[in-house]
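Undergrad: All chains should be built: construct the whole structure from the sequences, respecting the hints.
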Amino acid sequence: MSSIKIRSKRMDGNTQIRTLISHPMEHGRNKDKTTNKLIPMHFIQVLTVRHNGKVVAACNMGAGVSKDPYFAFMLKGGEAGDEIVIDWVDNLGNKDSATHKIS
Amino acid sequence: MWKTVSAAVGWPVSDFAPMNVDAATKQLLKGKTATETDKIELTIPEIAENGAVVPVTVSSSLEGIKSVALIAEFNPVPLAIQMFVTPDIEPTLSTRLKLAETSFVYAFAETENGWFSTRKKVKVTIGGCGG
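Heads up: the protein sequence lines correspond to chains D and B, in order. Once you know that position 53 of the first sequence is 52 in numbering that gives the first Met the number 0, the rest is easy, because the numbers rise by one and skip nothing. Once you know that position 85 of the second sequence is 84 in numbering that gives the first Met the number 0, the rest is easy, because the numbers rise by one and skip nothing.
Among the hints, erroneous ones may be present.
Said to hold, decoys possible - Calculated lysine to aspartate or glutamate pairs in the EDC-like style (CA-CA distance at most 16 Å, straight line):
hint: 1; chain 1: D; residue 1: K75; chain 2: B; residue 2: E89
hint: 2; chain 1: D; residue 1: K53; chain 2: B; residue 2: D87
hint: 3; chain 1: D; residue 1: K8; chain 2: B; residue 2: E89
hint: 4; chain 1: D; residue 1: K4; chain 2: D; residue 2: D86
hint: 5; chain 1: D; residue 1: K100; chain 2: D; residue 2: E78
hint: 6; chain 1: B; residue 1: K65; chain 2: B; residue 2: E111
hint: 7; chain 1: D; residue 1: K53; chain 2: D; residue 2: D11
hint: 8; chain 1: D; residue 1: K75; chain 2: B; residue 2: E62
hint: 9; chain 1: B; residue 1: K65; chain 2: B; residue 2: E45
hint: 10; chain 1: B; residue 1: K120; chain 2: B; residue 2: E40
hint: 11; chain 1: D; residue 1: K75; chain 2: B; residue 2: D87
hint: 12; chain 1: B; residue 1: K122; chain 2: B; residue 2: E45
hint: 13; chain 1: B; residue 1: K119; chain 2: B; residue 2: D14
hint: 14; chain 1: D; residue 1: K53; chain 2: D; residue 2: E78
hint: 15; chain 1: B; residue 1: K38; chain 2: B; residue 2: E111
Said to hold, decoys possible - Here are some, though not all, of the chain D residues that point toward chain B, as calculated from beta-carbon distances under 8 Å:
hint: 16; residue: L19
hint: 17; residue: R28
hint: 18; residue: H50
hint: 19; residue: G52
hint: 20; residue: V54
hint: 21; residue: V55
hint: 22; residue: M60
hint: 23; residue: P68
hint: 24; residue: Y69
hint: 25; residue: F70
hint: 26; residue: F72
It is worth saying that the hints were derived from the structure and are not from the lab. From the three backbone atoms N, C-alpha and C, an ideal C-beta is built for every residue, glycine too.
TA: Listed below in structure tokens is the structure:
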């Protein structure tokens with residue numbers, strides 16, 4: 000089960016791409032209530048959006064982005080059948096990728 | 000002591016270190032100054048009931064935008080996100096931020112003609128520290 004959900008919508012010749020990623024985005028200052036220990040940092044650092052294999056946007060982020068981050072982008076153009084690939088890498092080296100076809 | 004392990008290639012560790020807002024802005028702009036403009040539209044609620052999830056949209060009508068970034072004034076790590084754009088995508092980003100407390104949120108845009116910025120005050124009624 001991928002951690003990434005992607006939706007797209009054609010709008011006036013552009014394509015809105017929305018993505019929801021399940022990720023804790025821990026900044027390292029929260030305490031685990033049962034053990035009273037700090038929860039280690041765990042957050043996405045880089046998110047990349049590709050359109051038909053070409054990088055169209057790349058984001059660097061810190062833990063200032065909310066848990067289970069949501070992003071919306073507006074792609075110029077975009078045709079039915081075009082491929083959108085979104086991938087992320089977090090500070091622990093985990094990564095995930097998802098592919099979506101514009102309908 | 001602050002120690003971040005960056006597993007992602009090219010992730011700027013020093014931009015995302017804990018510091019105050021002035022240092023974070025300086026770090027992001029690499030010593031340049033930003034001009035205030037009304038050509039960056041920052042959409043964010045004036046009152047955020049939950050600082051852990053504050054919806055924000057930044058867009059701009061400026062020409063030749065290379066990146067857009069969001070900085071939260073009183074967050075321990077002020078820089079939240081920087082998006083590098085290509086001409087194939089609108090310089091528009093919607094996301095959700097954590098805000099530690101009532102503060103200004105700054106939106107920056109890096110263009111071929113330098114940096115531009117705008118800001119909005121957000122009142123946080125419950126802090127974002129709880130995650």
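Undergrad: Decide, hint by hint, whether the structure agrees.
TA: Against the structure, the hints:
Under the criterion of a C-alpha separation no larger than 16 Å, the hint pairing K75 of chain D with E89 of chain B is consistent with the structure, at around 6 Å. Among the hinted pairs, K53 of chain D with D87 of chain B is consistent with the structure: their alpha-carbon atoms are about 10 Å apart, no more than 16 Å. Between K8 of chain D and E89 of chain B the alpha-carbon distance is near 15 Å, which keeps this suggested pair within the 16 Å criterion. Taking the CA atoms of K4 of chain D and D86 of chain D, the gap is about 11 Å. The hint holds against a cut of 16 Å.
Among the hinted pairs, K100 of chain D with E78 of chain D is consistent with the structure: their alpha-carbon atoms are about 9 Å apart, no more than 16 Å. Proposed proximity of K65 of chain B and E111 of chain B is supported: the alpha carbons are some 7 Å apart, at most 16 Å. Distance hint between K53 of chain D and D11 of chain D is unfulfilled; the C-alpha atoms sit about 22 Å from each other, more than 16 Å. For the given pair, K75 of chain D sits about 15 Å from E62 of chain B by alpha-carbon distance, which is consistent with the 16 Å threshold.
Between K65 of chain B and E45 of chain B, the direct Cα distance comes to roughly 28 Å. Violation of the 16 Å bound is thereby established for this hinted pair. Our distance criterion of 16 Å between C-alpha atoms is met by K120 of chain B and E40 of chain B, whose separation comes to about 14 Å. The suggested pairing of K75 of chain D with D87 of chain B holds, with an alpha-carbon distance near 5 Å, which does not exceed 16 Å. At roughly 6 Å between alpha-carbon atoms, K122 of chain B and E45 of chain B fall within 16 Å of each other, so this suggested pair holds.
Distance check on the hinted pair: K119 of chain B and D14 of chain B sit about 22 Å apart at the alpha-carbon level, beyond 16 Å; violated. The straight-line distance between the Cα atoms of K53 of chain D and E78 of chain D is roughly 15 Å, inside the 16 Å bound, and the hint therefore holds. A C-alpha spacing of about 15 Å is found between K38 of chain B and E111 of chain B, which places the hinted pair at or below 16 Å, so the restraint holds. The beta carbon of L19 of chain D comes no nearer than 10 Å to any beta carbon in chain B, farther than 8 Å, and the hint placing it at the interface is violated.
Here the hint on R28 of chain D is kept, as its CB sits about 7 Å from the closest CB of chain B, short of 8 Å. Using the Cβ-Cβ criterion of 8 Å, the hint placing H50 of chain D at the interface with chain B is satisfied: the shortest such distance is roughly 6 Å. Look at G52 of chain D: its Cβ only gets to about 12 Å from chain B, farther than 8 Å, so that hint breaks. Annotation: interface hint on V54 of chain D holds; nearest CB of chain B at approximately 7 Å, less than 8 Å.
About 4 Å separates the beta-carbon of V55 of chain D from the nearest beta-carbon of chain B, less than 8 Å, and the hint is met. Given hint, M60 of chain D at the interface with chain B, holds; its Cβ is 4 Å from that chain's nearest Cβ, closer than 8 Å. A distance limit of 8 Å between C-beta atoms decides the matter here; for P68 of chain D the minimum to chain B is near 7 Å, and the interface restraint holds. Checking Y69 of chain D against chain B by beta carbon gives a least distance of about 5 Å; that is within 8 Å, so the hint holds.
Satisfaction of the interface hint for F70 of chain D is found here, the shortest Cβ-Cβ separation to chain B being roughly 5 Å, below the 8 Å cut-off. Interface hint at F72 of chain D: satisfied, since its Cβ lies 6 Å from the closest Cβ of chain B, which is below the 8 Å cut-off.
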